[in-house]
Each structure stands twice: as structure tokens, then as C-alpha cells.
Amino acid sequence: MSQPSESGATAASSLSKSSPSKSLPESSPSSPSLAEPAPSGARGATGETLLEVRGLQKHFPLTQGIVFKRTVGHVRAVDGVDLTLHRGETVGLVGESGCGKSTVSKLIVALERPTAGSILYKGRDVARMGGRALKDYRREVQIIFQDPYASLNPRMTVGDIVAEGWAVHSDVAPRKGRLKRTQELLDRVGLNPDYVNRYPHQFSGGQRQRIGIARALALQPEVIVCDEPVSALDVSVQAQVVNLLEDLQDEFGLSYLFIAHDLSVVRHISDRVAVMYLGHIVEEGTDEQVYASPSHPYTQALLSSVPLHEPHLRGQKDRILLQGDVPSPADPPSGCRFRTRCWKAQDVCAQEVPALVDRGQGHPSACHFAEARMVVPVDVE
Amino acid sequence: MTNLDLTKPTAELAAQGTPLLEVDDLRVEFRTRSGVVNAVNGVSYSLGAGETLAILGESGSGKSVSAQAIMGILETPPAVISGGGIWFQGRNVLEMSAEDQRKIRGPGISMIFQDALSSLNPVYSVGFQIGEMFRAHRGMSKKAARAKAVELMDRVRIPAAARRVDDYPHQFSGGMRQRVMIAMAIALDPRILIADEPTTALDVTVQAQVMDLLKDLQQETGMGLILITHDLGVVNEVADNVAVMYAGEIVERGTVDDVFSRPSHPYTDGLMSSVPQVEAKGGRLRPIAGQPPNLAAIPSGCPFHPRCSRRRLGAEAAPGRDCATDVPPLRLVVPGREAACHYSEEVLGVAAE
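Taken in sequence, the protein lines are chains A and B. Just so we're aligned, residue -14 is where the first sequence starts under this note's numbering, counting upward by one. Just so we're aligned, residue 14 is where the second sequence starts under this note's numbering, counting upward by one.
Just so you know, the hints here were simulated from the structure itself, not pulled from any lab data. We put the CB at the ideal spot given by N, CA and C, even for glycine. Mixed in with the good hints, there may be bad ones.
What the hints assert, rightly or not - Using C-beta positions, here's what the derived DEER-type ranges look like:
| id | chain 1 | residue 1 | chain 2 | residue 2 | range |
| --- | --- | --- | --- | --- | --- |
| 1 | B | Arg297 | A | Asp132 | 18 to 28 Å |
| 2 | B | Gly96 | A | Val157 | 35 to 45 Å |
| 3 | A | Glu169 | B | Ala328 | 34 to 44 Å |
| 4 | A | Pro159 | B | Ser95 | 52 to 62 Å |
| 5 | A | Arg140 | B | Thr31 | 56 to 66 Å |
| 6 | A | Asp156 | B | Gln184 | 48 to 58 Å |
| 7 | B | Gly327 | A | Lys120 | 26 to 36 Å |
| 8 | B | Ser95 | A | Arg140 | 35 to 45 Å |
All chains, full assembly: derive it from the sequences and hints.
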């Protein structure tokens, strides 16, 4: 019973009708609306570098003991990640569970402090920001979470959830027109504006994810970090949310860091793609470069594992079956992290960490023996 | 009553040409305080030896419930099998005594589940849990059962099986746990293995390993495999035949090649075009509008009509084929292909272009 019941709908709409003074403030439709991007002068040109991540590291301590905690080691969740996000583009970050991609997202929205490295937003280091600057940063860089069931407060109405950010950033929306703006936001993400007084449990998964998107949009951000935004949704609903994200990007000039494990979705939405393995980025490039000519063995294996949808392509791809499991990030292999499962591994791989540089494939790859190889047959379409 | 022949090798039965399993007009409903939820509404299919049948559907389409009905593991109440029959090697499972049903589970039909961690008992070693099959069904001693468990763990390619047999489920990774489950399921050489979203919780590289293992095991034993999934790619790579479920009904059925290259039901067609593919960037996705229906209030007529872009209502519709009032039966559209849509020929024609 994931759908809001009909009786609920009438109750909500009658509620908003019974208090017209509250639900319909005098502001006319032409009043400054959230649907309007900030003046283009403030927004800057497309292609400008917004976020620059350099050598980002996050190590979580492993402790032993109950009263006196001794640090016995570190989980190297993120261990030297470089990323750049330009205005108006979508960068996809793919990797399997435990590779550190969600930690990257938390570091970028300043929910965690990095162990080392820097996150530069418009040239300023986020780690050194405080007070006012950090507050502004958090308004401009918003996040959408994976689980639409856990990321909405069950005791708050949808209207309160979407408007909550304005309590902190009161300059974004004048107090008077907030309800109207909330309703506009709900309408923009494809929800009935009359639903402002409903609670999250009255919505289905796809609708809840739309609420999360409306909440992120409310503060007129420049960058939205999408941490597995469609993984928990049914396939037919996934496409609706992906399309919505694409439309919003065009409309508001948003930049996305799109984190997911689903290679197909990432390819669809991203302009550039970075592949992560055990805290490192192993390959980076445009979607065409990474998917059509992957040059890191891990990327090749990953692509080879994705089942194809076309019957006539069945059996045409290069089968690479990886052996074993991902090593523990508390005790990663020396040198190249992937060498324990790699069929190309040689002595040098255990001694030297391969740098993420272009080795003649036209895009950076962190492998000593990088070699472009077509794994997935290119569709004739 | 227990003279079901479970000793003959599956391959011999296949030669006789009888299907292993026939599900006929199965209906399951959940009677809850807030009303009756119709989870499965007249599902029929059959499965032969060595065949892989994929049941494709979104959450709430009734695909898992129909499998649980076959296994006899539905929670009753609230679930009630309100009609139909399940014929395993010619005998109706629903009319058997509980004891006879129990004897089928294991050597006859067995099942693996999506979430291996919650399907395994955390307080027993995996060797004990795999061996339980032999102790309960074959009356083996503890020692012999443990030896069998090691053998099975080897067969599902768990490295260092002899050393890991006494480990507990939490000491295994997700992929290895799924292998333990598979080992339990194939312990007694079942005729039919039902895999309910076996790889949904796994990463793609591990998913590829597990699907590979299932395929190899099927080739070795000739068992029939029912694969329940929502992943179109997995269906395409593994299955022979596919049944697409929506709102507790099969809306389309045929070979994977046929159905995937030329869908004849608007829902299947919509599903195909709403999923991005790894092999091509593609244009904009064309999602299916709306939400899957609430099973307590399934729309009248064709259950898909409120979301369907091809629906014809009232005067537009051909007589007796109004999508909002007339229920489309699952019918033969072209040889080898059935679909439950009044206008399948049209869908097929468009998809062929």
C-alpha cells in the first residue's frame, strides 16, 4: 500500500482549501520564483571549474578496547582521489560496494572531514571553511541520498521537509511566500502541490525520492551530489527520476556528481565517468572513452560483468570473470590495489602504485599495463 | 502416497517429455484486516528439465509469492491459495499431505533467496546448515553429513572448503554466502531450483560469478531453473523462456529472444525502453507513467491500462476490447508467443519497425 489513498488526497486538499490565507499568499505567480535560476552573472559561464578534489583521503580508525581505546589500524576508505566537476556537467562515479564512493560524497558535502587532501570549491578549500563560508557552501552543494525511506523524517510533513532548509538560509526564500514556493517545488518535481500536508509514509518510493530532490532544490544549489539516487527504485520508476534529474539540470544549470554502482545508469546520465576501486580512482574519461575503450583491467572486468539487454548481442562480449573478493580496505595490497585479482599483474605492480595518467589511450588510467580493449560490443543503433 | 519417484536421474524424465512442473491458474490472496490483497491472479506456466524460465516483474508483481506458493512456504494465514493447481511430476502438490509436501522440498523442489545473510542461521556453522539437508532427509550421521557439506562447498567453488566448513555465516562475504545457500539448495539434487532474485544484493562482478555457477550446475544436473528477477540483463543472458508479470498476472510469455527483440505487450515494451543500456548511450529514457498498482485495488479491465500509452477507451476501442472494462486474456499472438493485451498485434507491428 505504497500509494497515497484517495481519501488522503481529498483530506489534504480540503485542508489547504480551508485555510486560504495560509496556502495562498497574495504573491502573484510572477513573484521571484524558485523555478528561476539565479541571474546568469552570478552563475558564471558553463565549463567553469566548480569543484576540484585533490589527493583526497579519509581513513577511519580501527580501535580495540572498551575503556581505553587503542587505534590498531585504519580503514583506508578513500585513499587519494582526484576529481574535477565543471559547471553544468555530470560526473559519474562508479564502483562496487565498499570502494569508498559514498565516503567521497560525504566528504564533498562536508559531513566528514578529510584526513588529507583538499576539496576546492570555486578555488576555496572546504576543509578550511568555517562559519559563514561553510554555511554558504552547504547551501550551494546539496545532496540526494539513496534510501528515500530513511532520509525523510517520518514525523515531518512534506512541506516542512522541503522548507526546512529555509529556516537556516532564510535569505533564499522570504518568509511570506514559502508555502507557495514549496508547492511550486513539489509541482516542479512532479508531485501534486496539494500534498504539502502529507507525511512521507503516504508516498511510494519514487515519490519520496522526488521529495528528496525538491528538498535539495529548495536552496537553489549549484551542485547536487546524488548518492545512488535511483538504486532503491523499481525499473519503471527509475527512468522517471533519471529524466527528472536531467530536466532539472537543463533548467537550472546544475552540476551533478552522480554516484552509483549501476554502470548502465551512470553511462546514460554522465558526461564524464570515474571508476573507483578500493579507495582509488582507476580510470577516468568521457563516457565514450571509458565504456567503448576501457583500458584498466578492473574497468574491463566490471563492464564485462554487466548483463546485456539485446538478445543478438548475447555471447558477443569479452567474458572476464574475476576471481575472489575485494581485499579489505583495512589492509590493502601494496602497489596497485587491483593486482591481487588482476591477470596482468607483474612484480612492478606490487612495488609501485600506478599513477592515474594518460598512457596513450587518450584518457587517464591507473595501470602500468594499460591497454584499450573493447569489452562490450557497440550497438549498431 | 510417497511413491513419487525422486531417485531416477532428471535426464531420464526429460526424455519422457513430461514437464517437471505445471502451474495452472494459480491464485493467491492475502486476507488482511484492511481488505483482500490479490497477489497472484491466475498464473499458469510449465517447466521442463534443463529449462530456465525467468519470471520478470517489478516489486509487487506477485513473482515471489507465486514461487513461495510452489514451495509451500507461504505464511497461511494471511495468505490463502484460493484457486488453481501446482502439478509436480504429475501430482498436485496442493492436495498432498504436509508430510508429502515436506518430502518434495529438497530432493524435488528447492529454493534460494535474495538475502543470504538473513536466510542463514547466524548461530550455526555453514557446514552444519548444509549438512542438515542430509540429516533430515537422508538420516545421515553428523560426521557423514559434514563430509557431504565439504563436498558441496567444493562444488559451489568456495575456496578452502575443508577449512571453512566450520565457519559461521558472518565470516563469509556476500558472494560466498550466496554460494552457501546454493550449496544447501542443490544438496539433494533437486529437480527444480527456484532462485528468487539470487543476485540482486550482489555487486556486478560477483553477480557474474554466481550466475555462471548456476548455469554450470544446471548443465551438470539437468535441473529446471525458475529465475525470479527484475533485471532485464540477467534474463537475457541466462534464461530460455520468460514470463513477464504485472499486478499478479502474466502479461507476456515467450522465448527470451522473441520477447526481448519484439515485445508484444505495452508493459514489456515500456520496460525495455525505460532501462538504460550499458552497450549504448542512447537518447532520453521513455519511462512508463505512474506507479505500479496497489494489489488491494487492481484497476478494472486490463490492470495496466491506467499507465498504458496505447490504451483505448470507450468509443475508440473495438467492440468488446475496451481496455478499462474488458479483461484481456493471455492469448496466442504469434506462434510461440502469448500476451494479455487487446492490441498486441499493433504493439508487435510497431516494435518490429
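Hints, verified against the model:
no.: 1; hint: B/Arg297 <-> A/Asp132: 18 to 28 Å; verdict: 26 Å, holds
no.: 2; hint: B/Gly96 <-> A/Val157: 35 to 45 Å; verdict: 58 Å, violated
no.: 3; hint: A/Glu169 <-> B/Ala328: 34 to 44 Å; verdict: 38 Å, holds
no.: 4; hint: A/Pro159 <-> B/Ser95: 52 to 62 Å; verdict: 58 Å, holds
no.: 5; hint: A/Arg140 <-> B/Thr31: 56 to 66 Å; verdict: 58 Å, holds
no.: 6; hint: A/Asp156 <-> B/Gln184: 48 to 58 Å; verdict: 54 Å, holds
no.: 7; hint: B/Gly327 <-> A/Lys120: 26 to 36 Å; verdict: 57 Å, violated
no.: 8; hint: B/Ser95 <-> A/Arg140: 35 to 45 Å; verdict: 39 Å, holds
Of the numbered hints listed earlier, those contradicted by the structure are 2 and 7.
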